[in-house]
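S.K.: Here the structure of chain D is known, so what remains is to put chain Z in place on it, guided by the hints.
Protein chains: 2
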Amino acid sequence: MSTEVATPESIEWVDATRVDATSVGIVSTQFATLFEPPHEMTLVTGAKLGPVRVAYETYGELSRERDNAIFVCHALTGDAHVAGRHAPTSRKPGWWDELVGPGKGLDTNRYFVICANVLGGCQGTTGPNCIDPKTGKPFGSQFPFLTVGDFVQVHSALVRHLGIEKLLAVIGGSLGGMQVLDWAAQFPGQIRAAVCLASAARLTAQGIAFNCVGRRAIRTDPNFHSGDYYDQPVGPDHGLGLARMVAHITYLSEASIEKKFGRRLQHGDHFAYELLHETEFQIESYLHHQGSRFVERFDANSYLYLTRAMDYFDLEKSYGTLERALGRTEARFLITSYTTDWLFPTIQSRELVDALVAARRHVSFVELTSPFGHDSFLLEVEPLQELLQPFLEQTYMEARRHCGEGI
Amino acid sequence: MSTEVATPESIEWVDATRVDATSVGIVSTQFATLFEPPHEMTLVTGAKLGPVRVAYETYGELSRERDNAIFVCHALTGDAHVAGRHAPTSRKPGWWDELVGPGKGLDTNRYFVICANVLGGCQGTTGPNCIDPKTGKPFGSQFPFLTVGDFVQVHSALVRHLGIEKLLAVIGGSLGGMQVLDWAAQFPGQIRAAVCLASAARLTAQGIAFNCVGRRAIRTDPNFHSGDYYDQPVGPDHGLGLARMVAHITYLSEASIEKKFGRRLQHGDHFAYELLHETEFQIESYLHHQGSRFVERFDANSYLYLTRAMDYFDLEKSYGTLERALGRTEARFLITSYTTDWLFPTIQSRELVDALVAARRHVSFVELTSPFGHDSFLLEVEPLQELLQPFLEQTYMEARRHCGEGI
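Residue numbers (this note's numbering), protein chains in the order written: chain D, 673 to 1079; chain Z, 673 to 1079.
Rather than coming from a laboratory, the hints here were simulated on the basis of the structure. None of the values given here were measured: they were computed from a predicted structure. One thing to keep in mind: the hints can contain errors.
Which copy is meant is left open, so a pair is good if it fits within one copy or across any two.
In the EDC-like style, the derived pairs of lysine to aspartate or glutamate whose C-alpha atoms are separated by at most 20 Å in a straight line are [stated by the list, open to error]:
#	residue 1	residue 2
1	Lys931	Asp986
2	Lys809	Asp903
3	Lys720	Glu946
4	Lys931	Glu988
Looking at chain D on its own, in the form it has when it is part of the complex (with noise of 0.2 Å):
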């Protein structure tokens, strides 16, 4: 496992090398194994599967009352490991230590806050990288179809194997955010607050057509030998770096680009007018080194599943209507969305809204100003912080309150 340099999205922008007072300090993955034979989960295709080996980390303490933990879904290519560090040594802290810990927005001192690897990746939790027990070799090719849904499960029977009956709050962005409303509609009576953070109920025709170029350049990738690979020297780690600087492209936002690269040379201010310089301008320096980082943590197949299940997701074909599904719980709602993020845009917040409001649920949006782009749910930290802290206050609050009054 190598969570250590495990990084969603863009997150290198963030200067995350920093330990401070507030930081949860240093921090393992647990392994939890859930579905073991003759009790194996039933994916959303009818396909069982099991045993299932979840890779967790846990920050915070659970209180007595077992009321307290928040769980935090993780985007297309994060991991279990969002806050701390594995040892003195790493380089890099979890992907989402600014918002975790001591103080901070998932205030550690208060909350017990969960997050594992989602089913099909490939940071420690069963997925098509690992052993497939009834063959003795890596899954391949022949690990099954899965959604989001089937994440969704995974991460529920892990609340309860923990045994923790509801949670206080579940929280994601993007893919993340995906299962946090899956969560609501799959699991209504299991949370009490839903926060999801530049997602959507489905992605958009032009957020497939990325992720379709991205999966063609693994599929077409000679050394990808349809995804049985692993037994190979190589693997399609060209196809899957093309896959991610597409995807890369996609977080950002124009604007950000501009600002922050321009057209500015890799090396001085003349042209080396040569067709074979391929990282003649810091853009493509900055997008080939991401594909390249990419290719060292990731699997191409876990990329395959992961991002056809996000296409898939699709809550209103799966429910009828956005208001059935949003209705199912009795969560409190907290939506952002980003003003520069075009992969999730505004209007596909505003959607959530409209349904959780049309199914008279308690809904709060915010649409925060931000030049990041997608990747500003991951970069935006403070004014999520300033939304999130009394949200979960009272959310807790009236969990309490609700509690006493059942003694």
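M.R.: Then chain Z, alone, in the frame of chain D:
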């Protein structure tokens, strides 16, 4: 040469199959050989190149005064075949047939319209897929580095070769618009008017980023052979197809993709739950189709050379300021941008207008409302026609008046 199926950008959206009374009829591509040794052209890099064969077409008649010629600069993947058909059985007319013909925006009853395939292209003009007379083999990787200035140098020479001292107008969109701007700066006395559509004085960093991904797809295709693949059984088709797919997304608007394809499936209403089903959504099928079609008609090396020329184009870098670059000509300008074009956003056209105003040049600017994104310049012919007709008419009248005064 297969100009018959040549299709700039996503013009497939247009039903261009009809032949009407306003067609220029059956046309054929002509060829001129310029810059024959020892009179080779000097490229912007300083390298020499010659002879240069130029594929071009003309429509309408050159006036006795030779004052009614309009040069059309094609975009990245276009060619010389703008209007009419090569044979009565041709499946499709030229790529801008709706604009060029008797009574149309570029009225061939009045004007003599010329279009030539760009240097480095693959539709008849000297490019990397042509035989290098020095070696008797295709240029391939030995083709010299090109810039937009070099394209224009060849076009300018072709115009003189045709016995035309001064063009009534030069017109183009996207990379064609860059050629228009370069023409105004490089050969300021050769044009009376410049029409620049959906273009800019430089590509954005985001645009460079998308080009960078496309080029990498070609270069990492194992059939690329460092550009010398012409004697191989297969070229870098996967890479070139991928490059086209990603570029194609940038030619469309999010709203137009959503409207045309949305999340509709290619077959029926039910998900296949099959990871290897690459074209389950209609948008995927469409993009794959675009990639395949493109590979049939375009050369991977040309794609590398022309996209790099597009990245490099930077009037400000070449001339110090935009005002200085564009102020060199007395030509009148017509500039259009399109509301949903995110590859060449309106703000870039406004920069051109500001520079022209500062240089005290005549400029008309319109931001046209269109849902079709960057491709609008090809698809929204009617509003363009309404702008062009009086603009060209006035330019023509003024030219004739000045000539009359000169007599």
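S.K.: Can you give the numbers of the hints that this structure goes against, from lowest to highest?
M.R.: none
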